[in-house]
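Peer 1: As you go down the protein sequences, you meet chains A and B in turn. Each number in the numbering used here corresponds to the 1-based position in the first sequence with 4 added. Each number in the numbering used here corresponds to the 1-based position in the second sequence with 62 added.
Think of the hints as simulated: they come from the structure by calculation, not from any bench. Some hints could be false.
Calculated lysine to aspartate or glutamate pairs in the EDC-like style (CA-CA distance at most 20 Å, straight line) [claimed, not checked]:
| id | chain 1 | residue 1 | chain 2 | residue 2 |
| --- | --- | --- | --- | --- |
| 1 | A | Lys32 | A | Glu298 |
| 2 | B | Lys99 | A | Glu298 |
| 3 | B | Lys99 | A | Asp62 |
| 4 | A | Lys206 | A | Glu235 |
| 5 | A | Lys206 | A | Asp265 |
| 6 | A | Lys32 | B | Asp105 |
| 7 | A | Lys308 | B | Asp181 |
| 8 | B | Lys99 | A | Asp42 |
| 9 | A | Lys228 | A | Glu24 |
| 10 | A | Lys27 | B | Glu137 |
| 11 | B | Lys99 | A | Glu235 |
| 12 | B | Lys99 | A | Glu227 |
| 13 | A | Lys27 | A | Glu304 |
| 14 | A | Lys228 | A | Glu243 |
| 15 | A | Lys239 | B | Asp105 |
| 16 | B | Lys99 | A | Glu24 |
| 17 | B | Lys99 | A | Asp81 |
| 18 | A | Lys228 | B | Asp181 |
| 19 | A | Lys228 | B | Asp105 |
| 20 | B | Lys141 | A | Glu24 |
| 21 | A | Lys32 | A | Asp42 |
As a plain string of letters, each chain reads:
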Amino acid sequence: MEATVVRTGTEGKTWGGGNEPLKASYGKMMMWFFIVSDALTFSGFLAAYGFSRFKFMDSWPIADEVFNHFPFLHGVDAPMYYVALMTFILIFSSVTMVLAVDAGHQLKKGKVTFYMFLTIIGGVIFLGSQAWEWKNFINGTYGAVYTEGGNILQFVDSEGHRVALSDVAASQASPRVEHEARNGVWFESEKSLPSYSIEEVKAGFGENSDLLIRTQIMNEEGEKTILSREESITKLNSEAVGVIEGANLTRNEYGPPLFADFFFFITGFHGFHVFTGVLINIIIFFNVILGTYERRKNYEMVEKVGLYWHFVDLVWVFVFTFFYLV
Amino acid sequence: MAHDTAHQHESNTKRIWTVFVILSIVTIVEVVLGIFKPEFLTDTSFLSMSLLNWIFIILTIYKAYYIAWSFMHLEGETKGLRRAIVWTAVFLISYLIFILLTEGDYIYEVFNNGYVSWDF
Chain A
5 MEATVVRTGT
15 EGKTWGGGNE
25 PLKASYGKMM
35 MWFFIVSDAL
45 TFSGFLAAYG
55 FSRFKFMDSW
65 PIADEVFNHF
75 PFLHGVDAPM
85 YYVALMTFIL
95 IFSSVTMVLA
105 VDAGHQLKKG
115 KVTFYMFLTI
125 IGGVIFLGSQ
135 AWEWKNFING
145 TYGAVYTEGG
155 NILQFVDSEG
165 HRVALSDVAA
175 SQASPRVEHE
185 ARNGVWFESE
195 KSLPSYSIEE
205 VKAGFGENSD
215 LLIRTQIMNE
225 EGEKTILSRE
235 ESITKLNSEA
245 VGVIEGANLT
255 RNEYGPPLFA
265 DFFFFITGFH
275 GFHVFTGVLI
285 NIIIFFNVIL
295 GTYERRKNYE
305 MVEKVGLYWH
315 FVDLVWVFVF
325 TFFYLV
Chain B
63 MAHDTAHQHE
73 SNTKRIWTVF
83 VILSIVTIVE
93 VVLGIFKPEF
103 LTDTSFLSMS
113 LLNWIFIILT
123 IYKAYYIAWS
133 FMHLEGETKG
143 LRRAIVWTAV
153 FLISYLIFIL
163 LTEGDYIYEV
173 FNNGYVSWDF
């Protein structure tokens, strides 16, 4: 094909072609292109989250009260610990990844295999932790009632400790049963009913004089406002229209619906990135074992997937700050 | 396959572990501050945000710097590539955040002052 090669006479000059001013391979540069655009996507999500938080500045849930579970410590108030653990797992898997890249530069196949394996394990543990976090978030702890305006009212005792719905509601024989598809029109069914009806909650609240209502509105000390007994009864009887346990995309027991929506969307999108990261890591891991890069005498593929993996860690650092700390 | 000659091939293990220790310490500091929430930090407001939140955000950027520079090896790339990556992201994101947070605060004021009623 030599006939098709056109000589310009400018070889070796700045604009003569074949220059690599950035001294990075095509693949690595495209990975950076992708990472920058993906970073902008995540910033869009986080900025939208910030927008909603500023919009509901005085009624946003307090993260420490929502995310306070730790495995095997039932009922113990453990804010932050679990998510700090998750952060460590992800940072550590980032470290093993960069160690794999480092070993790849020295063409040490055994070390690359070992560190890649640790990275994959770290990613899987992180995904499992996130699933557990979601489970707790979706199931909820205390339950709450919602008003017609979409606000959340929570229950506390006279000392300000949260009280669960099961301790508030007075059991009544309820005529309301869940409509299932097998009754009546076959294609119609409804969502499962909450454990307690709003009538049961109202009745139980009236009987127990120790209970108070906590609204979402933050007072000057940054704590949620607790109403007096009289205000509580009036508020509950006039405004409460339904019971919510845990969280879904329409309502949640923690605060504004947007809180749960953003939680699901941003941590979900990040979790999806971790998941694909683990998949790509596994593919590269097998390629390392099969000796593909050994034969190439070049472990740059490990470096590229490493860039992606570090990016996932980088995003988590920001999600951690804006969801759990600030 | 062209050989990548731009890279030095000596081991950077020591540097990696140093960065890991830095990231861990910063995370621990964040968690401790997040749990105890010292009052003088939450009560002091600077540019309409509490000092504690400023500390969190600065520590986060500090961590991001180490991850990008050391783990993602930006420190070893050419100046042009590094700037193309960092400046693009930094300027676009700062602009986006500024616009959206200003707007969010405006809507909060509108609701708060009762110009628009939304809680029926």
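Peer 1: Is B:Lys99 close enough to A:Asp62, meaning Cα to Cα at most 20 Å?
Peer 2: Status holds; Cα separation ~18 Å.
Peer 1: Given the proposed pairing of A:Lys228 with B:Asp105, does the C-alpha separation stay at or below 20 Å?
Peer 2: holds (16 Å)
Peer 1: Given the hinted pair B:Lys141 and A:Glu24, is their Cα-Cα distance within 20 Å?
Peer 2: Holds - the C-alpha atoms of A:Glu24 and B:Lys141 are around 13 Å apart, at most 20 Å.
Peer 1: Hinted pair, alpha-carbon criterion (20 Å max): B:Lys99, A:Glu298. Please report holds or violated.
Peer 2: Distance of about 51 Å is beyond 20 Å: violated.
Peer 1: Is A:Lys27 within 20 Å of B:Glu137, Cα to Cα?
Peer 2: Within the cut-off at roughly 13 Å; holds.
Peer 1: Can the restraint linking B:Lys99 and A:Asp42 be considered satisfied, given a maximum Cα separation of 20 Å?
Peer 2: violated (33 Å)
Peer 1: Between A:Lys239 and B:Asp105, is the straight-line Cα distance small enough, at 20 Å or below?
Peer 2: violated (31 Å)
Peer 1: Holds or violated: B:Lys99 with A:Glu227, Cα cutoff 20 Å?
Peer 2: Cα-Cα ~13 Å, so holds.
Peer 1: Within a Cα-Cα threshold of 20 Å, do A:Lys32 and B:Asp105 meet the stated pairing?
Peer 2: violated (46 Å)
Peer 1: A:Lys206 and A:Glu235 were given as a pair; does the straight-line alpha-carbon distance stay at or below 20 Å?
Peer 2: holds (14 Å)
Peer 1: Mind checking the alpha carbons of A:Lys228 and B:Asp181 for me, to see if they're no more than 20 Å apart?
Peer 2: Holds - the C-alpha atoms of B:Asp181 and A:Lys228 are around 18 Å apart, at most 20 Å.
Peer 1: Decide if the proposed pair is consistent with the structure: B:Lys99 and A:Glu24, CA atoms, cutoff 20 Å inclusive.
Peer 2: violated (51 Å)
In this structure, the earlier hints numbered 2, 5, 6, 7, 8, 9, 11, 15, 16 are contradicted, and the remaining ones agree with it.
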